[in-house]
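Engineer: Each chain, written out:
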Amino acid sequence: MQTPETLRRTALHAEHVALGGRLVPFAGFEMPVQYAGILKEHEAVRKRAGLFDLSHMAQFELWGEEAAAWADTLTVNAVATMKPFQARYNLFTNEAGGTLDDVLFYRLPDRLLLVCNASNADKMWDWLQARSSPAVRLVNHHGSRALIAVQGPRAVEILAPFVDIDIAALKYYFCAEAAVDGVAAVVARTGYTGEDGFELFVSGAEAPALWRRLLEAGRAAGLEPAGLGARDMLRLEAGMPLYGFELSEQLSPLAGGQGWAVKLSKPEFVGKAALAAQLEADDYARIAGFVMDGRVPARTGYPVFSGDRRVGEVRSASFSPSYGGRNIGTVLVEKAAAAAGTELGVEIRGTVHGAHVVPLPFYKRS
Amino acid sequence: MAQPEGLLYSKEHEWTKIEGDLATVGITDYAQNSLGDIVYVELPRVGQVLKQHASVGVVESVKAVSDLFTPVGGEVVEINGALEGDPALVNREPFAGGWLYRVRVADASAPEGLLSPADYEALVAEGAH
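If you read the sequences in order, they're chains D and L. Note that the first sequence covers residues 102 to 467 in the working numbering. Note that the second sequence covers residues 835 to 963 in the working numbering.
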């Protein structure tokens with residue numbers, strides 16, 4: 102296959118090639134969709150641990166005393182109330198309440214670290230700059246800094262020997278500034294897999310050696326490199342949205358199932374009035390989890406019916422090892438068809454196959 | 835990697851082994867590897883009469899749906915029932931236990947438009963880059 106020269110490479114590109122990773126274009130980057138196989142990598146993350154390159158994701162920094170207050174005017178969740186070193190999920194919306202991006206903020210002593218989806222990196226950078234404040238300095242590290250994730254039940258065991266702080270004591274959705282194998286890093290107990298795990302923000306220059314050292318040392322504990330294919334399966338099982346599927350500029354955080362993050366008690370933010378009206382009317386199409394009754398897999402875009410009536414479409418779908426090998430996914434359906442237990446029909450190659458609405462998530466770690 | 839001898843191959847990465855008037859059909863190792871983890875196989879029905887090169891089913895992996903084009907025409911006489919409970923057999927043994935279906939060919943002479951092992955290997959080597 103020809104690879105357009107315009108595709109960007111992360112600092113870990115040579116590692117993926119050396120590991121036999123299958124590289125595909127993703128959000129402007131050449132990224133590994135799999136190494137040994139999606140199911141094997143999924144199993145490694147659920148039972149042991151997986152190592153992910155997430156350096157394609159956008160890393161922005163917000164500097165200045167006013168940064169958190171400024172971010173509060175642009176996002177649905179609270180930023181200024183974050184404790185030092187806390188991480189928090191958040192969403193940017195437009196005036197109509199449509200989702201521009203779903204993100205994570207990390208509160209460091211002197212700055213906020215903002216991680217945006219790779220697919221929205223340029224749009225979000227433009228959005229932030231267009232609303233910039235003289236009191237806030239924005240820095241764009243997209244593609245230059247690296248992000249390595251260690252995810253799985255053995256993540257602490259594998260990573261602890263490399264880190265100069267007690268990572269076992271680091272709380273979920275908190276971070277620290279630490280040295281990892283001598284490399285300055287932000288170590289965060291966050292992830293997108295439904296497992297315990299860590300995300301390591303490091304310089305691009307130091308990332309390859311760290312990646313190799315982690316993989317080498319972690320192999321004995323079952324650490325495997327894992328690609329974007331396994332990551333998508335893992336996040337869907339964990340009930341986590343993926344921008345472009347459960348969220349979009351046409352889908353508000355409420356519709357996308359992220360209403361818990363919308364803080365209408367905040368004084369003002371872009372999209373607040375639209376979201377308040379939507380919540381009040383409560384008549385919008387929304388995301389729900391579903392499982393196919395039979396063995397035929399659904400795919401994104403397949404039409405969804407309730408009786409004879411079309412009520413929506415499949416948004417995400419996957420075979421799910423952690424949900425009994427069933428075919429699971431999310432649908433975007435009318436409110437009346439979104440309640441757990443609702444019988445649905447999914448049209449697959451001209452035939453309607455039975456499915457049911459089920460509560461999210463499909464997988465919760467014990 | 836050499837392709838197994840004694841089989842004929844299609845450009846769509848199916849193989850067939852013809853023994854008398856029976857032809858067994860499967861997908862190649864290259865095909866299963868390109869698809870990745872196979873989670874569902876939709877096969878033609880026993881008794882169905884297939885036209886050579888027609889789309890007769892699908893092979894679905896975790897990431898993709900792929901049409902199955904039959905390299906030989908004829909009446910389906912048997913399907914591989916083991917694949918319903920274990921579609922990954924196609925990944926593990928594409929040329930053996932992961933066969934898909936058997937047809938009774940109308941004309942036992944070699945079907946047209948298929949490739950020898952050497953010609954198929956050349957096709958794969960070209961496509962792999």
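Bear in mind the hints are in silico, worked out from the structure with no lab data behind them. Note that beta-carbon positions come from the ideal geometry of N, C-alpha and C, so glycine has one too. Please note that the accuracy of each hint is not assured.
As the list claims (entries may be wrong) - Simulated crosslink set (SDA-like; lysine to any residue; CA at most 25 Å straight-line):
1) L:897 - D:425
2) D:141 - L:864
3) L:845 - L:951
As the list claims (entries may be wrong) - Label-pair ranges, simulated between beta-carbon atoms:
4) D:245 - L:889: 25 to 31 Å
5) L:960 - D:266: 50 to 56 Å
6) L:944 - D:395: 48 to 54 Å
7) L:927 - D:395: 20 to 26 Å
8) D:305 - L:867: 45 to 51 Å
9) L:940 - D:465: 51 to 57 Å
10) D:226 - L:889: 52 to 58 Å
11) L:927 - D:394: 48 to 54 Å
12) D:107 - L:960: 21 to 27 Å
13) D:368 - L:918: 57 to 63 Å
Engineer: Does the Cβ distance between residue 940 of chain L and residue 465 of chain D fall inside 51 to 57 Å?
Structural biologist: 56 Å, holds
Engineer: Does the alpha-carbon distance linking residue 845 of chain L and residue 951 of chain L stay inside the 25 Å limit?
Structural biologist: 12 Å, holds
Engineer: Can you let me know if the beta-carbon spacing of residue 944 of chain L and residue 395 of chain D is within 48 to 54 Å?
Structural biologist: 39 Å, violated
Engineer: For the hint 52 to 58 Å, verify it against the beta carbon of residue 226 of chain D and that of residue 889 of chain L.
Structural biologist: With a Cβ separation near 45 Å, residue 226 of chain D and residue 889 of chain L fall outside 52 to 58 Å, so the hint is violated.
Engineer: Taking the beta carbons of residue 305 of chain D and residue 867 of chain L, is their distance inside 45 to 51 Å?
Structural biologist: Given about 32 Å between the Cβ atoms, the range is violated.
Engineer: Residue 897 of chain L and residue 425 of chain D: Cα distance at most 25 Å?
Structural biologist: OK: residue 897 of chain L and residue 425 of chain D at ~18 Å, within 25 Å.
Engineer: Could you check the hint for me, namely that residue 368 of chain D and residue 918 of chain L are 57 to 63 Å apart, CB to CB?
Structural biologist: 59 Å, holds
Engineer: Is the gap between the beta carbons of residue 245 of chain D and residue 889 of chain L within 25 to 31 Å?
Structural biologist: Hint violated: Cβ distance 47 Å, outside 25 to 31 Å.
Engineer: Does the Cβ pair residue 960 of chain L, residue 266 of chain D satisfy 50 to 56 Å?
Structural biologist: Given about 53 Å between the Cβ atoms, the range holds.
Engineer: Quick check on a hinted range of 20 to 26 Å for residue 927 of chain L and residue 395 of chain D, using CB atoms only.
Structural biologist: Since residue 927 of chain L and residue 395 of chain D have Cβ atoms about 25 Å apart, the given range 20 to 26 Å holds.
Engineer: Could you see if the CB distance from residue 927 of chain L to residue 394 of chain D stays within 48 to 54 Å?
Structural biologist: 29 Å, violated
Engineer: Do residue 107 of chain D and residue 960 of chain L keep their Cβ atoms within the hinted range of 21 to 27 Å?
Structural biologist: 25 Å, holds
Comparing the model with each numbered hint stated earlier shows that hints 4, 6, 8, 10 and 11 do not hold.
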